[in-house]
Structures are given as structure tokens and as C-alpha cells.
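**Q** The lines below spell out each chain.
2 protein chains.
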Amino acid sequence: MATLDQKPLRVALAGLGTVGIGAYKILMQNASVLEERTGRQIVVTAISARNQSKDRGVDLAQCAWEDNPVNLASRDDVDVIIEAMGGENDPAYTLVKTALENKKHVVTANKALLAYHGVELAEIAERNNVSLCYEAAVAGGIPIIKMIREGLGANRISGLYGIMNGTCNYILTTMERTGEDFAKVLKDAQELGYAEADPTLDIGGGDSGHKLVLLSALAYGCLPDFKNLSVEGIDHLEAEDIEIAAEFGCRIKLIGQATKLEDGRVLQMVAPSLVPKTSPLAHVDGVLNGIFVQGDFVGSSFVEGRGAGEGPTASAIIADVMEIAKGHCAPVFGVPSGKLEKAPTATAQDWRGEFYVRLVVEDRPGVIADIAPILRDHTISIESLIQRGRSEKEPVNIVIMTHDAKGEDIRAACAGIADLPCVLGKPLLMPVLKI
Amino acid sequence: MATLDQKPLRVALAGLGTVGIGAYKILMQNASVLEERTGRQIVVTAISARNQSKDRGVDLAQCAWEDNPVNLASRDDVDVIIEAMGGENDPAYTLVKTALENKKHVVTANKALLAYHGVELAEIAERNNVSLCYEAAVAGGIPIIKMIREGLGANRISGLYGIMNGTCNYILTTMERTGEDFAKVLKDAQELGYAEADPTLDIGGGDSGHKLVLLSALAYGCLPDFKNLSVEGIDHLEAEDIEIAAEFGCRIKLIGQATKLEDGRVLQMVAPSLVPKTSPLAHVDGVLNGIFVQGDFVGSSFVEGRGAGEGPTASAIIADVMEIAKGHCAPVFGVPSGKLEKAPTATAQDWRGEFYVRLVVEDRPGVIADIAPILRDHTISIESLIQRGRSEKEPVNIVIMTHDAKGEDIRAACAGIADLPCVLGKPLLMPVLKI
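First to last, the protein sequences are chains A and B.
Read left to right, the first sequence gives residues 0 to 434 (numbering that gives the first Met the number 0).
Read left to right, the second sequence gives residues 0 to 434 (numbering that gives the first Met the number 0).
Everything labelled a hint here was simulated from the structure, so no lab data went into it.
Each hint should be verified, as a subset may be incorrect.
Copies of the same chain look alike in the list, so a pair counts if it works inside one copy or between any two.
Said to hold, decoys possible - The calculated lysine-lysine pairs, modelled on BS3-like cross-linking and capped at a C-alpha distance of 27 Å, are:
1) K433 / K276
2) K53 / K425
3) K6 / K186
4) K6 / K338
5) K24 / K259
6) K338 / K24
7) K392 / K6
8) K96 / K392
9) K183 / K425
10) K183 / K226
11) K341 / K96
12) K338 / K186
13) K186 / K259
14) K96 / K186
15) K53 / K226
16) K259 / K6
17) K392 / K405
18) K102 / K338
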């Protein structure tokens with residue numbers, strides 16, 4: 000157990016943006032409780048950022064400065080590096096790698112870095128007997144890494160479903176509340192600062208995917224592998240999809256899911272999905288994140304909180320620093336990286352369940368007669384069909400809810416349907432979750 | 000970091016009821032994942048229960064048997080005792096105390112034991128450098144102990160609100176769904192096994208209180224002290240309370256709350272409370288538990304899961320055993336027990352906010368004229384007043400929603416109102432939460 004006569008833990012901060020400064024603020028403002036809870040002082044000894052002279056609203060004068068963040072990894076007065084720069088490549092990659100090789104612990108909020116280089120970095124950390132912590136990389140305000148690895152650690156996980164991107168959830172919640180279309184809501188969100196100027200990584204589902212592969216590795220012991228992931232974003236959704244989903248007792252959420260199939264493979268996918276209003280995930284509103292986990296003994300647990308922002312992200316970073324201060328060290332992905340399962344994971348093609356399919360069609364007699372045989376030929380059974388509005392000149396939406404079907408069958412059917420002359424554009428396909 | 004050449008961790012089980020057998024099942028069924036995740040084998044070497052010959056559906060033949068559970072604490076082949084007997088007194092108390100004195104780790108689901116003897120036992124554990132773990136004592140399926148101590152450990156906690164008794168939540172949810180009264184629903188719950196034959200500890204709020212003092216000690220570093228707690232149960236609620244609460248956009252839940260007052264004191268109380276339907280706590284249904292935590296950097300986090308039962312409780316117990324296997328040890332209540340704050344905590348008298356007050360009165364003119372001056376004299380301002388039904392012969396309910404008021408003022412007013420000849424029985428008082 001840590002005792003108060005232990006030496007202070009010396010921290011270096013790489014990156015002094017929102018996240019880095021947030022971490023610094025907690026270390027200053029909550030220094031006394033951190034010391035009581037860990038038995039040690041935690042002090043910032045060195046920092047690095049792009050611009051030394053910028054006023055960041057905090058006094059950093061007593062910290063040594065490095066122009067090149069990678070130099071932090073070689074300083075004798077540093078035990079832990081907080082990497083708060085972001086980006087899957089350099090300088091973050093080289094900083095983290097060098098720090099671990101130099102037997103320094105690393106705490107990072109960098110999901111992209113770990114989604115691409117996680118296994119290599121985990122091996123280096125474990126070989127050097129230091130920690131590589133990333134609680135802040137997934138849903139900052141929700142301690143989901145520790146929850147899966149420690150809190151639910153006694154369970155074999157069977158399902159994991161998460162709303163892990165606040166920008167998308169804000170857009171979907173606002174579309175539902177206002178009835179406005181995607182493009183309009185995105186533009187407003189950008190003006191309010193809830194969406195980036197280039198929102199591709201968020202609305203395309205990539206950011207959720209980076210997070211999902213980390214959780215999936217932890218929960219199932221499979222290799223974190225972003226390249227093998229099925230990812231769909233929310234940019235093709237219309238206000239009418241949200242309305243029709245509501246008629247079926249559902250809300251639409253961008254869900255990253257990782258589930259264990261009967262054949263033992265782990266299915267990983269990110270997709271806008273219909274979630275029943277009875278599920279706690281349906282009530283995760285605005286910029287919040289929420290994650291639902293199923294285990295063999297615990298049953299289901301659900302956790303909700305702020306996903307991003309200075310405070311929640313910094314809270315997660317310092318929680319990791321505290322574990323390091325207490326001398327707690329765990330394998331990066333829950334089991335030693337050499338034991339991670341290398342078997343291929345499953346994709347959206349393997350997902351089985353009900354689907355929501357929206358087609359944009361010319362409004363003329365015979366359209367259903369053209370579509371129905373294609374569904375039949377792919378053994379897709381229709382549970383219900385809704386056609387909204389009528390217009391001789393404008394295309395109309397047809398929504399089909401299917402009975403249980405397999406991802407590859409419904410996709411093959413949709414490809415055939417898309418080729419029909421009466422069908423305009425690509426069909427929109429969403430899984431209907433039963434959680 | 001744990002490595003696979005470490006010796007097995009040797010566990011003794013005291014108590015072989017639902018919880019003890021659940022823990023045994025996880026250790027058997029998930030042995031391979033537990034070993035991968037902790038780097039060690041975990042083996043059960045000794046057991047004790049009241050009846051050795053009872054068939055428990057599992058093969059315990061290879062475990063040494065002790066008639067007296069306290070003897071487990073002195074065995075050389077035991078590193079960890081799982082105390083799954085329950086009860087705040089002997090034999091649980093002496094077993095746990097002796098085990099800690101003999102430098103054996105203890106994992107327990109026994110909230111009453113810790114609510115009454117927690118500080119003494121924590122001191123013994125810390126002096127002997129062993130763990131005393133109790134994740135299973137509060138909301139089994141929710142890893143709330145680890146969440147407060149580790150996940151949100153970087154924060155100063157300002158508020159904590161929990162639905163921590165599945166029996167009460169089942170009764171309240173069923174009353175809302177069926178419109179039936181408390182007594183009828185309790186009787187049905189007893190027949191279904193959701194309530195004990197003697198349900199006093201659950202419906203009276205005592206069980207929630209035991210859990211609250213543990214969370215409160217962890218979150219605020221105050222002395223766990225059940226005697227100083229304000230506790231009210233749900234047995235005076237009527238179906239009409241639930242209906243009227245709904246008209247105000249609220250549900251009624253038995254909430255254990257621990258909040259930091261402006262004067263620095265921690266207010267702890269258990270009471271049926273009105274919770275806005277917009278709060279995630281309002282959607283915790285049936286036997287589920289849910290806990291809402293506010294911290295200075297993280298903002299709000301919410302977590303929901305099964306509170307009791309074999310699987311969730313055993314999941315929490317084995318999570319604790321895994322931390323011990325990894326060599327992780329933390330002060331029992333988050334900070335060394337000598338540093339726990341001994342200042343008095345605040346009670347329901349100090350709670351400030353809106354109140355729901357239901358009076359049973361004779362239905363005759365002038366009742367409101369009698370009540371209103373008493374409220375005025377205690378500086379209680381009425382936000383709204385509802386009188387339901389009219390009958391010359393039967394008493395009727397009057398419900399008053401107040402503006403912000405202090406607990407001691409509204410209680411003094413209610414005492415005065417109870418003395419009026421037109422008022423029958425004791426007024427029912429519930430806080431209205433704004434979370």
C-alpha cells in the first residue's frame with residue numbers, strides 16, 4: 000500500500016490544449032485529495048507544446064520546457080508522460096514509443112494512436128514493465144476501461160453496445176427534437192462548436208470505430224484491428240427516418256457494437272441503429288455518451304456520462320495517473336498482449352436480426368411488385384412496409400422492416416434493389432437492436 | 000505486473016448460500032479467463048457453512064471443511080477469505096477481524112458489518128497491509144466502489160444519489176404500473192420471492208442506509224456512521240402519491256443521497272423522493288439499481304445494473320478477488336482510515352429544496368385556512384396545492400408542493416399541522432430532487 004513517505008510522482012505534459020490544460024488544472028486544484036488518495040504527491044516537472052509563449056490561463060513557469068515533445072521521454076525528472084497531442088502518427092507515436100522504451104509510464108487520450116499501433120505499444124509497455132493507460136481515449140466521463148477490465152473482470156463478456164461520439168449523438172438528438180434535416184443540424188452544430196470544421200471522422204463513424212476496437216480488445220481479448228471494422232456514419236439519415244423509427248417504438252443512435260457470435264468470433268461494427276425506447280441507450284441525449292455491457296454473471300450494466308470536453312477527459316487522465324501513483328499496473332488490453340486472439344473478427348455481413356431499409360423510389364404503380372421478388376430471392380421476409388406521401392413528380396420514401404435476416408443477405412438484396420430503374424440512390428440500411 | 004509463474008491465490012469460502020455458491024461457480028466456470036487476466040490461478044482450498052451434508056449442486060469434495068468459519072482465518076493454506084454469511088455480528092465479525100489480524104485478505108458482501116464496524120476493520124486491514132474489499136456490498140452488478148475510488152478518483156465529489164434496494168424499487172415500479180397499493184404489492188412481491196418474509200430492513204430504508212454510509216465514506220472521506228443517518232422507508236406511500244408525482248413530471252424512488260453542503264458538511268439521508276422523469280434515475284425499473292454521481296471535473300455520471308442475486312453479487316466478489324490476485328491494494332475507504340473526517344455529518348433536517356407534502360384531512364370547509372397560516376409561520380411558501388375527490392364521510396388527501404424550504408422548517412410545520420383536529424395521521428413528506 001502506498002505510504003506518505005514515498006517520493007513524489009513526476010509527470011510531464013505533452014500537449015497543452017484543452018485536454019492537457021484540464022489535466023494540469025486537476026493536478027493543481029485537487030492536489031491535496033490526490034495525495035490523500037494515492038499516498039504520494041503528484042507534480043508536473045516538464046511540458047511541451049507547439050507555442051511556448053501562448054497564454055493558457057495557468058502558471059506553468061516552474062515546469063521545464065521542451066520544444067520537441069519527444070525529448071520528454073528521455074528526461075531523468077519524469078516518471079509518467081501524459082500524451083495530450085492527438086493524432087495516430089508523429090510526434091505522438093514516437094513520443095509514446097520512446098517513453099515506454101525508456102521505462103516511463105504513459106497516459107494518453109489518443110484513441111487513433113492506439114487503434115492503429117496499440118498492440119505494438121502494448122508489447123513495449125509490458126516488456127518494460129510500465130503502464131500504457133487510455134481511460135480518456137473512450138468516453139472520458141465514463142470510466143469504461145476500468146469498468147470492463149476491473150469492475151466486470153470476472154465475467155465473460157457477450158455484448159457491448161456504445162454511444163461513443165458526442166457530436167453524432169448531439170446531431171441525432173437535435174434532428175429528433177426539431178425535425179430538421181441532417182445538413183441543417185450539422186451546420187448549426189459547427190457554429191455552436193459541437194462539431195469540427197471537418198466533421199468527417201465524427202459523422203462518418205471513424206472516431207466511434209477507434210474507440211470500439213479498444214473496448215473490444217479489452218472485453219474479448221481480441222487484437223485491436225481498426226482495418227477489419229465495418230463502419231457506417233450518420234450522414235445519410237433524414238428526419239423522416241427518425242420519425243418512422245419512433246413509430247416502431249425506437250430511436251436512432253450511432254452504435255458501436257461488439258458481440259460474441261455462437262461460432263466464437265467477435266462481431267464488431269459501427270452503424271446508425273434503431274434502439275428500443277425501453278433501452279437505457281435510447282435515453283442518452285445530446286453530447287452524452289452511454290455504454291451497455293452484458294456479462295455471463297453480472298447480466299447487463301449500463302453507464303452514461305459526458306464523453307468529451309476538458310473536465311471529463313482530464314478526470315479520466317488523472318484517474319490513470321493515480322493508478323500509476325499507487326503502483327497498480329495491468330496488461331494494456333486486459334491480458335498480456337501475446338495472448339490476444341489473432342483470429343479474424345466478424346463484420347456487419349455476419350450481423351443477424353431485424354433491419355430497417357429505406358428506399359427512395361419513383362412514385363408509380365408496380366414498385367413494390369419489383370422489390371418484393373428480390374427480397375424473397377434473398378430469403379428476406381417483410382415484417383411491415385410504410386410508404387409516406389404521394390406525389391406524381393417527387394420521389395417518395397418506402398421503409399421496410401424485415402424479420403430476422405443476415406447482414407450479407409440483406410446487403411445482397413439491397414444491391415439488387417438499387418439496380419431497379421424505379422429505385423433512386425442507394426438504399427439506407429440500419430440494424431434494429433433488441434437490447 | 001503479475002506473471003504466470005506466480006503461486007496460485009488460495010481462497011476460502013465462508014457461507015455457501017446463493018452468494019457463496021455463485022462465487023464458487025465463477026471461479027470454476029471462468030477459471031481460464033481469470034488466470035489470463037490476473038496472471039495467477041485462483042483456487043478454493045477451504046469452505047465452511049452451517050450444514051456440511053446439504054446438496055448445493057456443485058462438487059466441493061476437494062475443499063477442506065471447517066465447522067466453525069472462524070477457523071478459516073487461521074489456516075495456512077488460505078490467502079483470501081470470502082465472507083458470504085452476512086449479519087453485522089458474529090460469526091461474521093470475528094471471522095473478518097481474525098482473518099485481517101492474521102494478514103489474510105477479506106472480500107465481503109456484508110454491508111451491515113461494514114456500516115457498523117467498518118472503521119475498526121479498516122484500521123486492522125491497513126495495519127496488516129491486507130485488503131478488505133466490499134464491491135459486492137453495494138449494488139452488486141454495478142462496480143460503484145471501484146468507480147468512485149478509481150474511475151472518478153481525481154474528482155472532489157459533490158453529489159451522489161442512488162437507488163440501491165431492488166425490493167423497494169420493484170414495489171414502487173409495480174405500484175406505478177398497476178395502480179395497486181403498497182400492502183398488496185408487497186404481499187405479491189413476497190410470494191414471488193422479490194421481498195423477504197420480514198421485509199423491514201428493505202422497505203424501512205435500513206439496507207439502503209447501510210450502503211449509503213459506505214459510498215459516502217468513499218466519496219467524501221467521512222467516517223462511515225450509520226447511527227447518524229436520516230432514514231425513511233416506503234411503507235407509507237399510496238398509489239395516489241405516485242399518480243400525483245407523475246402529474247408533476249416525476250417518479251417516486253427510494254433514494255439514498257449524500258451531498259456536500261456549502262458549509263463543508265456531508266448530508267446523508269435515505270428517503271422516498273420525487274425524481275424528474277428527465278433524470279436517468281427515473282428510468283431505473285424493477286429490481287435494478289442505479290447510481291448518479293457528480294464530480295467537480297467529470298460532471299455527472301450514471302450507472303445502472305442488477306443490484307442483487309447470485310450472478311451480479313458473485314461477479315462483484317470475484318472482481319475483488321482478482322484485484323487481490325494482481326497485488327492491488329487500496330485503503331478501505333479511499334483514504335487511510337486515520338484520515339477519515341470525524342466532523343458530524345448533516346441530516347434530513349439540513350436538506351434544502353422543494354417538498355411534496357401529503358396530508359389526510361377531513362373534507363370540510365376551512366381546512367386550507369387552518370393549514371396555510373402554519374406554513375406561513377415556518378416561512379414555507381406553497382407552489383401548488385391539489386385536493387383530490389370529495390366525500391362527506393371519507394377523509395381526503397391534500398397534496399402541497401412547496402417552494403424551496405429547509406428540512407427542519409418543513410418538519411416543524413408538519414408537526415404543527417399534524418396537531419390540527421382536521422388533520423388525520425402523520426403528514427407524508429418527500430424531497431423533490433433536481434437532478
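**Q** Is it within a copy, between copies, both, or neither that the alpha carbon of K186 lies no farther than 27 Å from that of K259?
**A** Intra 38 Å, inter 40 Å, cutoff 27 Å: neither.
**Q** Using 27 Å as the alpha-carbon threshold, which applies to K183 and K226: within, between, both, or neither?
**A** For K183 and K226, the Cα distance exceeds 27 Å both inside one copy (31 Å) and across copies (57 Å).
**Q** One pair to classify: K6 and K338, alpha carbons no more than 27 Å apart. Within, between, both, or neither?
**A** between (34 Å within a copy, 20 Å between copies)
**Q** Is it within, between, both, or neither for K6 and K186, if the alpha carbons may be no more than 27 Å apart?
**A** neither (51 Å within a copy, 60 Å between copies)
**Q** At most 27 Å between CA atoms: does that hold for K338 and K186 within a copy, between copies, both, or neither?
**A** Close neither inside one copy (45 Å) nor across copies (52 Å); limit 27 Å.
**Q** At most 27 Å between C-alpha atoms: does K24 with K259 qualify within a copy, between copies, both, or neither?
**A** between (41 Å within a copy, 21 Å between copies)
**Q** 27 Å Cα cut-off: does K338 pair with K24 within a copy, between copies, both or neither?
**A** between (38 Å within a copy, 24 Å between copies)
**Q** When no copy is specified for K53 and K226, does a C-alpha distance of 27 Å or less occur within a copy, between copies, both, or neither?
**A** neither (38 Å within a copy, 54 Å between copies)
**Q** Indicate which option fits the pair K96, K186 if close means a Cα-Cα distance not exceeding 27 Å: within, between, both or neither.
**A** Neither way: K96 and K186 sit 38 Å apart in one copy and 63 Å across, limit 27 Å.
**Q** At 27 Å max between alpha carbons, let me know whether K96 reaches K392 within a copy, between copies, both or neither.
**A** neither (60 Å within a copy, 82 Å between copies)
**Q** When Cα atoms must be at most 27 Å apart, do K183 and K425 count as within-copy, between-copy, both, or neither?
**A** So K183 and K425 pass the 27 Å test inside one copy only (21 Å; across, 56 Å).
**Q** 27 Å Cα cut-off: does K53 pair with K425 within a copy, between copies, both or neither?
**A** Neither, since 48 Å and 64 Å both go past 27 Å.
In this structure, the hints that do not hold are numbers 2, 3, 7, 8, 10, 12, 13, 14, 15, 16, 17, in rising order.
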